[in-house]
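Peer 1: The primary structure of each chain is shown beneath.
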Amino acid sequence: GESVGLHLPTLSVQEGDNSIINCAYSNSASDYFIWYKQESGKGPQFIIDIRSNMDKRQGQRVTVLLNKTVKHLSLQIAATQPGDSAVYFCAETLEGDDKIIFGKGTRLHILP
Amino acid sequence: GAGVSQSPRYKVAKRGQDVALRCDPISGHVSLFWYQQALGQGPEFLTYFQNEAQLDKSGLPSDRFFAERPEGSVSTLKIQRTQQEDSAVYLCASSQGRSGDTFGSGTRLTVV
Numbered sequence: 001g002e003s004v005g006l007h008l009p010t011l012s013v014q015e016g017d018n019s020i021i022n023c024a025y026s027n028s029a030s031d032y033f034i035w036y037k038q039e040s041g042k043g044p045q046f047i048i049d050i051r052s053n054m055d056k057r058q059g060q061r062v063t064v065l066l067n068k069t070v071k072h073l074s075l076q077i078a079a080t081q082p083g084d085s086a087v088y089f090c091a092e093t094l095e096g097d098d099k100i101i102f103g104k105g106t107r108l109h110i111l112p
Numbered sequence: 001g002a003g004v005s006q007s008p009r010y011k012v013a014k015r016g017q018d019v020a021l022r023c024d025p026i027s028g029h030v031s032l033f034w035y036q037q038a039l040g041q042g043p044e045f046l047t048y049f050q051n052e053a054q055l056d057k058s059g060l061p062s063d064r065f066f067a068e069r070p071e072g073s074v075s076t077l078k079i080q081r082t083q084q085e086d087s088a089v090y091l092c093a094s095s096q097g098r099s100g101d102t103f104g105s106g107t108r109l110t111v112v
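Here the protein sequences come in this chain order: A and B. The working numbering numbers the first residue of the first sequence as 1 and each following residue consecutively. The working numbering numbers the first residue of the second sequence as 1 and each following residue consecutively.
What the hints contain is simulated information worked out from the structure, not anything from laboratory work. Since the structure is predicted, the reported quantities are computational estimates derived from the model, not experimental observations. Worth double-checking, as some hints may not be accurate.
Stated by the list, open to error - So these bits of chain B aren't anywhere near chain A, every CB distance computed over 10 Å: (1) 18; (2) 24; (3) 31; (4) 51; (5) 54; (6) 55; (7) 59; (8) 62; (9) 63; (10) 72; (11) 76; (12) 78; (13) 81; (14) 91; (15) 103.
Claimed, not checked - Once the Cα atoms are required to be at most 30 Å apart in a straight line, the calculated DSSO-like pairs of lysine-lysine come out as: (16) A/56 x B/57; (17) B/14 x B/78; (18) A/71 x B/11; (19) B/78 x A/42.
The C-beta atom is built at its ideal place from N, Cα and C for all residues, glycine as well.
Excised from the complex, chain A in its bound form (with noise of 0.2 Å):
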């Protein structure tokens, strides 16, 4: 399949290590937040979201995180496993609309 993200800012992270994947947001207006998966060759698949009144979410292995001073936004994965390979996106969207607005990605690679 096609590569997704070929000149992609790239973490590498060993194996059983928790990766860290971090996005900044420009839109103060954004009230809404989505972290996405994407494996090459296939669509962005959702992992966890967050709405604005929160600051902290967790989900299985991932942790999102929401600073609203600063416009910060991070996934957190415990455990990385070869299956986390992939290009991670942050995307937002804002109060009133629907449409989702995303990040510049992150390409996460698993050390053996």
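Start from chain A and add chain B according to the hints.
Peer 2: Chain B alone, transformed into the frame defined by chain A:
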């Protein structure tokens, strides 16, 4: 269906040719979105439907791009007189409401 289905999976068009890309959303999903993803970039919003109504087409890059969803289910994205800069992956997503959308695998369009 179980997921969002897009066809064709790959399309090669000669410059100047018209193309039509199809999206079958998840049954019952009210909202349907089209995105364009260039190589190495995040998806960019094209247009949005709520049932059969096209509520936002602000992302369509030119009047050569046209989308429809006449019965509120299947949607077609049509590109007239294709140009090389139209080469990209075209992603469709559907959702029930304001939550993380479910994406299809996309149609990779190559204009030669």
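Peer 1: Indicate, hint by hint, whether the structure satisfies it.
Peer 2: Going through the hints against the structure:
1. 18: holds (23 Å)
2. 24: Consistent with the label, residue 24 of chain B stays out of reach of chain A, its closest Cβ about 13 Å off (over 10 Å).
3. 31: violated (6 Å)
4. 51: Since the minimum Cβ distance to chain A is about 13 Å, residue 51 of chain B lies beyond 10 Å and the statement holds.
5. 54: holds (12 Å)
6. 55: Residue 55 of chain B not clear of chain A: closest Cβ-Cβ about 8 Å, inside 10 Å.
7. 59: violated (8 Å)
8. 62: holds (19 Å)
9. 63: Residue 63 of chain B is indeed farther than 10 Å from all Cβ atoms of chain A, at 20 Å.
10. 72: Correct as stated: the minimum Cβ-Cβ distance to chain A is 16 Å, above 10 Å.
11. 76: Label holds. Min Cβ-Cβ 18 Å, cutoff 10 Å.
12. 78: holds (20 Å)
13. 81: holds (24 Å)
14. 91: The claim is violated: residue 91 of chain B sits with its nearest Cβ about 5 Å from chain A, within 10 Å.
15. 103: violated (3 Å)
16. A/56 x B/57: violated (33 Å)
17. B/14 x B/78: holds (15 Å)
18. A/71 x B/11: violated (39 Å)
19. B/78 x A/42: holds (21 Å)
Checked against the numbered hints given earlier, this structure breaks hints 3, 6, 7, 14, 15, 16, 18; the rest are met.
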